[in-house]
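> Sequence:
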Amino acid sequence: MKPAVFIDRDGTINEQMGYINHISRFVLLPGVSDAIRLLNDNGYLAIVVTNQSGVARGYFPVELVEEIHRHMKDLLFERGAKLDAILYCPHYPSGAIKEYTKACHCRKPDTGLIEKATQLFDIDMHNSWVIGDTISDIEMGNRAGLKCILVRTGYGLGEIEHVLPKRAVKPHYIADTLFDAVRYILDGRRASG
Numbered sequence: 006m007k008p009a010v011f012i013d014r015d016g017t018i019n020e021q022m023g024y025i026n027h028i029s030r031f032v033l034l035p036g037v038s039d040a041i042r043l044l045n046d047n048g049y050l051a052i053v054v055t056n057q058s059g060v061a062r063g064y065f066p067v068e069l070v071e072e073i074h075r076h077m078k079d080l081l082f083e084r085g086a087k088l089d090a091i092l093y094c095p096h097y098p099s100g101a102i103k104e105y106t107k108a109c110h111c112r113k114p115d116t117g118l119i120e121k122a123t124q125l126f127d128i129d130m131h132n133s134w135v136i137g138d139t140i141s142d143i144e145m146g147n148r149a150g151l152k153c154i155l156v157r158t159g160y161g162l163g164e165i166e167h168v169l170p171k172r173a174v175k176p177h178y179i180a181d182t183l184f185d186a187v188r189y190i191l192d193g194r195r196a197s198g
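Under the numbering used here, the sequence shown has 197 at position 192, and the numbering climbs by one with no breaks.
Since the hints were derived computationally from the structure, they do not count as laboratory data. Any given hint could turn out to be false.
[Claimed, not checked] With a straight-line cut-off of 25 Å between C-alpha atoms, the simulated BS3-like cross-links for lysine-lysine are:
#1 Lys121 with Lys103
#2 Lys121 with Lys152
#3 Lys7 with Lys152
#4 Lys7 with Lys107
#5 Lys87 with Lys152
#6 Lys121 with Lys87
#7 Lys171 with Lys152
#8 Lys175 with Lys152
#9 Lys87 with Lys7
#10 Lys7 with Lys78
#11 Lys107 with Lys121
#12 Lys121 with Lys78
[Claimed, not checked] The following label-pair restraints were derived from C-beta to C-beta distances:
#13 Pro170 with Pro98: 24 to 30 Å
#14 Gly63 with Arg195: 45 to 51 Å
#15 Ala108 with Met22: 25 to 31 Å
#16 Gly150 with Ser29: 34 to 40 Å
#17 Pro35 with Met130: 28 to 34 Å
Backbone N, C-alpha and C define an ideal beta-carbon position, used for all residues, glycine too.
Could you build all of it, start to finish, from the sequences and the hints given here?
Okay, here's the thing in structure tokens:
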């Protein structure tokens, strides 16, 4: 069994630009490849979990999501980092594209993407984490019984200031970036032996 870090995409791995409706709008945040490489080197699975409701809303085709994910993997690979899986939810309850218009179990904050990952990998859930820039990420992790880190990138600062105070669910830690979040996880692992 290996522990996993479930990582949100937009605002955590790449710049938050609303809907990424063109590959040119996908820009990695600083330190992301270093963070994922640290996970790779320390025996963690690096798994992206992301809502992509733009598919259901008719903003872009599912093929664009797949193209962006190939591009993301290639960019990271060029920098010595590897994602073990990229799992996404293309659904939205009131979408415009019939085949993707539904209430589903895979849309965060529900836990379907994490459950799918546990079918693909033998995951040590007790030592796994969620990292993201929204309370939805933290709620998903909490529902799955995982420790969670909220990052200040993407929507993070606004979520910390305006949303987090009104919610019962809280992150275990707030980090500046994905790299800082990964360092926190690894430092805690070393401290606990």
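> It remains to establish, for every hint, whether it holds in the given structure.
Okay, the hints, checked on the actual structure:
1. Lys121 with Lys103: holds (23 Å)
2. Lys121 with Lys152: holds (18 Å)
3. Lys7 with Lys152: holds (15 Å)
4. Lys7 with Lys107: Distance of about 33 Å is beyond 25 Å: violated.
5. Lys87 with Lys152: holds (22 Å)
6. Lys121 with Lys87: holds (19 Å)
7. Lys171 with Lys152: holds (20 Å)
8. Lys175 with Lys152: Answer holds: Lys175 to Lys152 is near 10 Å, not above 25 Å.
9. Lys87 with Lys7: Holds, at about 15 Å.
10. Lys7 with Lys78: holds (21 Å)
11. Lys107 with Lys121: Holds, at about 18 Å.
12. Lys121 with Lys78: holds (20 Å)
13. Pro170 with Pro98: 24 to 30 Å: holds (27 Å)
14. Gly63 with Arg195: 45 to 51 Å: The hint (45 to 51 Å, Cβ to Cβ) holds, given that Gly63 and Arg195 are roughly 47 Å apart.
15. Ala108 with Met22: 25 to 31 Å: holds (26 Å)
16. Gly150 with Ser29: 34 to 40 Å: For Gly150 and Ser29 the Cβ distance comes to about 39 Å; the hint holds.
17. Pro35 with Met130: 28 to 34 Å: At roughly 30 Å between Cβ atoms, Met130 and Pro35 fall inside 28 to 34 Å, so the hint holds.
Of the numbered hints given earlier, the model fails hint 4 alone.
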